[in-house]
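Student: Which chain is which? The protein sequence lines are L, D, V and R, in order.
Quick note on our numbering: the first sequence kicks off at 2 and runs consecutively.
Quick note on our numbering: the second sequence kicks off at 2 and runs consecutively.
Quick note on our numbering: the third sequence kicks off at 2 and runs consecutively.
Quick note on our numbering: the fourth sequence kicks off at 2 and runs consecutively.
There may be inaccurate statements among the hints.
It does not matter which identical chain is meant; a pair holds if it fits inside one copy or across any two.
[As the list claims (entries may be wrong)] Below, computed lysine-lysine pairings styled on DSS-like, alpha-carbon distance capped at 30 Å:
1) LYS183 <-> LYS253
2) LYS236 <-> LYS144
3) LYS253 <-> LYS314
4) LYS25 <-> LYS111
5) LYS108 <-> LYS253
6) LYS107 <-> LYS241
7) LYS25 <-> LYS238
8) LYS231 <-> LYS108
9) LYS107 <-> LYS25
10) LYS241 <-> LYS144
11) LYS241 <-> LYS108
12) LYS236 <-> LYS183
Since the hints were derived computationally from the structure, they do not count as laboratory data.
The structure presented is a predicted model; accordingly, all values stated were derived computationally and were not measured.
4 protein chains.
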Amino acid sequence: MNSDNQKNGEIKCSTNEVSDNSKKGIIHNGVLIEDTFAEAFDAWIASILITASKRDLAETAAVSAIGYGTSIIGCGAEAGIADYVIPQMSPDGRPGVTVLLVHPDKKQLKEQVIDRIAECILTAPTTAVFNGLPNAPERIPIKIHYFGDGFEYQTNVRDRNVWAIPIMGGEFLIEEEIGIVKGVAGGNFFVMGNSQMAALTAAQAAVEAILSLDETICSFPGGVVSSGSKVGSLKYKFMKATTNHLFCPTLKDTLPDSLVPEGVRAIYEIVIDGTSYGIVKQAIHDGIHAACSIDGIVKISAGNYGGKLGPHKFYLRDMI
Amino acid sequence: MNSDNQKNGEIKCSTNEVSDNSKKGIIHNGVLIEDTFAEAFDAWIASILITASKRDLAETAAVSAIGYGTSIIGCGAEAGIADYVIPQMSPDGRPGVTVLLVHPDKKQLKEQVIDRIAECILTAPTTAVFNGLPNAPERIPIKIHYFGDGFEYQTNVRDRNVWAIPIMGGEFLIEEEIGIVKGVAGGNFFVMGNSQMAALTAAQAAVEAILSLDETICSFPGGVVSSGSKVGSLKYKFMKATTNHLFCPTLKDTLPDSLVPEGVRAIYEIVIDGTSYGIVKQAIHDGIHAACSIDGIVKISAGNYGGKLGPHKFYLRDMI
Amino acid sequence: MNSDNQKNGEIKCSTNEVSDNSKKGIIHNGVLIEDTFAEAFDAWIASILITASKRDLAETAAVSAIGYGTSIIGCGAEAGIADYVIPQMSPDGRPGVTVLLVHPDKKQLKEQVIDRIAECILTAPTTAVFNGLPNAPERIPIKIHYFGDGFEYQTNVRDRNVWAIPIMGGEFLIEEEIGIVKGVAGGNFFVMGNSQMAALTAAQAAVEAILSLDETICSFPGGVVSSGSKVGSLKYKFMKATTNHLFCPTLKDTLPDSLVPEGVRAIYEIVIDGTSYGIVKQAIHDGIHAACSIDGIVKISAGNYGGKLGPHKFYLRDMI
Amino acid sequence: MNSDNQKNGEIKCSTNEVSDNSKKGIIHNGVLIEDTFAEAFDAWIASILITASKRDLAETAAVSAIGYGTSIIGCGAEAGIADYVIPQMSPDGRPGVTVLLVHPDKKQLKEQVIDRIAECILTAPTTAVFNGLPNAPERIPIKIHYFGDGFEYQTNVRDRNVWAIPIMGGEFLIEEEIGIVKGVAGGNFFVMGNSQMAALTAAQAAVEAILSLDETICSFPGGVVSSGSKVGSLKYKFMKATTNHLFCPTLKDTLPDSLVPEGVRAIYEIVIDGTSYGIVKQAIHDGIHAACSIDGIVKISAGNYGGKLGPHKFYLRDMI
């Protein structure tokens, strides 16, 4: 970073192109923005709007429903909180939290939406469930009303038609269908810092900016990936993915081809799923600018597979 | 509740036996404790101690790892936070959070432990993983060190032998094995209130008391079940479980055999898993006493299947 | 409450006038809205926008700055969080929290603004301070830049001119002046419930709705007053204010003139300060509607001194 | 820091003495522990144990009561949360939070204890107040029961005699006297990092370790001081305290006598008050060890006035 960056409220932006081949890119606010791109792929995204008597109750249900949902490599879906809805703007006048569930396969997404609602939201005190994408042309039926065992009935909450299911805690209201859209998954960038906490705090600041947007999530714990991986393994043929060793700071001195810049002690990755290419691009933009406001950031890069993984590219140079 | 109960700091306990058949039990602090028992079953329990640079970072990993883990009916495991460990007492001098994963089947538990560590803890910033039950005679191997792709190595953290795996965020330290014990799952009780929020707050107070104990979890969202179920269905033969209609307050007036007491507007269930019969009994005891400290609680009951579900019984009369 | 109210997501509103003299008012959603008014008075209000590297850091500073600030009866000022500002909308691109300080006396308000900034915000990590009311015609000078001991200098953050003060943690940026407006203090209403937790949760839900508005605060702990008072004392002449005994539920049976309605076990008061009559009226409106969405609420009333305390009246009948 | 320090779970401690005059001290875990001492002074300390129906309600009251309480330079008292008490261990079986109020003058401390209880705890929902130092030989009378206007009465909560005061929210229970002890205020150390966030996170980790001890507080926002000061001013004779310019990183290049070490970008101070010399010493010890576990920490120092301020000295060399 440059010394301007040290100042708390620094917002002056100096932007210079760097042509040195070893670190090609643009200097923004003292941080090298590498001239590379993030690669992302198509995925189906469902949006569930959970309301409850108080915001913390809606959040408790949401946190349970999105858990164990970091990556479709090992989880049933990628999941995260996309938005908080104030009472004055929610379908039933109560505070709400919107969660997104993401999977490339529509059938698997449907199963996850049903299971996570049934296990984590229906069971959570005072919740109701609304379609978070009421204008989406495509919808998946939830049919959780069979839980009512014949005692359920249809009613209206303002402009929404819902099932009312008698439960021990009162009544559970839920719309029959949840909207889904074809969105973009795997948008990403890397934050490299001169200490572990500079890198981590910058990554967290980026996540805060991203979550200020609607309709995007960062599905990893706290929105940040600590252990970015490469496909396959050099040594263990049975492993589908292993540590991205060229980006491991502790291996820098022993690996001649290490890609860790001088002075970098930690690299955190932000991975973003969103309902459209445009919103994911905005998220990468806002996230990078937030990260660069933190002292100690050396470089921003991004992950791609040379364009083989997915059809969507986000060039970092377009973010400055 | 009786009028004594209205007072904020009320702790006087009046205890009387009630012999009226329709509501047999003991009156404790103005609340009827029904003369029934909770039934619970055997399950394997793994304990994972997550440490991190700060407590909130350990908690972020824990919350992700225990998510989508309310009930083995629909989730891979039951999971929850059992304990917070202060830096001065943790294996590496950093703040820690202990989570329990629970499943009756040892093989499925092992898979869940590995997957949830790999997806939700390895990926979370600054975390390390230790065996939360170092004295357990039985252990499951994790073997996550293959993620290191040959760059991993073994080292010691004080008295623990760990794998050190280079990652982009620094190094991830993990013990090779996680201890498991045969514990008790499904300990429970019902909290019935004269308003939804009286019942809910009492249930939450109970959960706080239970979580003050080590080695017990309440796996449902916020520790509370809002939609207790019965096995099967009266009407929909394809449903494995449906709403426990006899305990639904909104159905009281239409169902002659309703079990909802007069004046009760909501019933919340607390479900407890723990590493031993004794700790679950203590949890039920402490939880009931905490619930009865809240104004507006009418009755405490518990769920059982006449002794057919599991070998463990917890009589509520023993809790007073 | 009526039985409709029991249902979680209940939003149907039935509104009937009640002419019975003993409980004159309107029935809204099963709750009696008494035909009375809240009385409020004029006060000066300063708005301080605190930004920081992360939202929690801004909030930490804010919480310290607003503490010990419930009522001007015994505190230097009334104070609270009015708004959260996303990075994309804040003066320096970092997350922010806006706090209001309130006092009828302009000079005392000025002292409080300076002292609380100096003690609680300047000392808090990574903070900067901006004028939260940039369009206010009246401003108070802060002059905290003298803390820089001559090493301070003036600079610009986007469109704001600030002092940059070197500190041990980096630099502290602050605008020289904070805008103040003549606002309204003491807007209020009472929430009466059939259990302590019904009343408290409804009060909390009301506070959440009120805080969703900008430029209003609820200065009491968590926004709720547990011990509403009357002026003076029946018994202790040296006391300026004592418990509002006619509204104490535990005294209902012993006081013939008790104003506690039948079945009410707790009454919580919400007190609102805001930058204008209109915003306080909106806050009372939104708060009452939120409170009435909670099961177990019996009645809503409000506090006034027959119009002697202040020039502003808020009729509850206008809120439905 | 040394490279060992980069590793997440690093706990190996290398300790070497450094005799170079310019940076005399001990190297601990790659961090220079300067050979200096912290200086502290005597102060009276009151301990208030707040209980409530749920832990968050007790914390809400506590946070309000300790606010605007960073330093006696500009606040009525120094104040902070010292401990959380589980229901099973609290005087009334409900969760509790203990706060300490600190002032060198006993009379001023008494006023602050009364005012902060009256304004911030009595007004907070469901709270009760107990003497947090039941064995202290000296006590201050609170006499808040006059608020009850004659309707108050004395009763017992288990082994504590309390006043029960009828309030609108139910009853407020409070012991008549709060214990005070002569403790130690101003214990401190400095954390210097190679980035703002390394220094800040290390300071926060230190605070977490310190708060794990009972009977100590860190009264500044989040426990951390961002703007350490010197007595008086070089330039502005009317200023009692100004920025500690020799420790300001942004002034390092312009001040020949700067005390900022090479590569340091931020310095945060931890200030500790506690009920005894021993507990403050333990807090400094545990805090320094926690801070040194964070990557990017360059040096630990401490503040003193050559022994002129107070009678208590804490040598950093004794902490390793």
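Student: Hint compliance check: list the failing hint numbers for this structure, sorted ascending.
Tutor: 1, 4, 5, 7, 9 and 12
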